Amino acid sequence: MDTPATYFHWGFILISVPNLIVIGGMIVLFAIALIAPFPHAGEGDDVGAK
Amino acid sequence: MSAPSSVGGSTPGKPESWTVRLRQGIDRHLPMDHLLPDRQPYYVGSWVYVFGVVTIAALFWVILSGVVLSFMGPQWWHDSHLGKFFNSLHFWSVQLFFIFMVLHLWGQYFMAGWRSGRAATWMIGVVIFGISILTAFTGYLSQQNFDGQFIALNAKDAMNGAGAGAFFNVLNFGQMYGLHMMLLPIGVTILVVAHIVMVRSRGVVKPIDPEGGAR
Chain A
76 MDTPATYFHW
86 GFILISVPNL
96 IVIGGMIVLF
106 AIALIAPFPH
116 AGEGDDVGAK
Chain G
794 MSAPSSVGGS
804 TPGKPESWTV
814 RLRQGIDRHL
824 PMDHLLPDRQ
834 PYYVGSWVYV
844 FGVVTIAALF
854 WVILSGVVLS
864 FMGPQWWHDS
874 HLGKFFNSLH
884 FWSVQLFFIF
894 MVLHLWGQYF
904 MAGWRSGRAA
914 TWMIGVVIFG
924 ISILTAFTGY
934 LSQQNFDGQF
944 IALNAKDAMN
954 GAGAGAFFNV
964 LNFGQMYGLH
974 MMLLPIGVTI
984 LVVAHIVMVR
994 SRGVVKPIDP
1004 EGGAR
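Chains as they are written, first to last, in our numbering: chain A, 76 to 125; chain G, 794 to 1008.
Think of the hints as simulated: they come from the structure by calculation, not from any bench.
Note that the structure is a prediction, hence the values are computed from the model and not measured.
Which chain G residues stay away from chain A? Per the calculated CB distances, all over 12 Å, these:
(1) R816
(2) D820
(3) L857
(4) D872
(5) M916
(6) I917
(7) G941
(8) G967
Some chain G residues close to chain A (C-beta under 7 Å, calculated; not the full set):
(9) G838
(10) S839
(11) W840
(12) V841
(13) I892
(14) L896
(15) W899
The beta carbon of each residue, even a glycine, is placed where N, CA and C say it ideally should be.
With the hints as extra help, turn the sequences into a complete structure.
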């Protein structure tokens, strides 16, 4: 844990691998949230919508 | 002292009492069926809408673990097993808070969540994001270990370079700890409550119509 992180270096992009993993995981999670079916989707109505 | 002619709201016309005006304003803009709804619009059936409430859940654990840490003190969170557990709980719930806040930000950005009179809601969210970053930075300075000292020494140059060194002395642990555990969390909490109330008063924004009809 006390050793420096490995860095990914591609052109002007320089980012640590742990940060890259977190950002990649967030993008994957966002994509899953868009695609994955939501339980009971479509059963709601327009209450509260404007 | 004027007579309380409109107390209770029974007098027709504009009530003089500010409590009546406030009550009527709340009834008009934030009825209980908006504040605590049991039904949601059909388009809310997506996991994208869950990111906001998960952020609030993470904030709950951040505050709860922070209260325990502030009560017990630095020696406890560094030396005891239970203290280390709450230290880690505080750190990792902050990680989840930021991850889900950014996912919530992405979701609202791509669906243009500021439409139909929701600009103030969006801007308060931006301010919450900024204050949260300040809270996290002061948290790194409040660790009471060599890592915190190293960060403070380097942050000092950044603060001076930005011209803010006269207002914030990052080497002053008392100032940073006070900001981290009192003023900034209070600011975040108040703005989060305002953010939620504004979301509930107007409801969730409609999706963008692919035909270009929705605003």
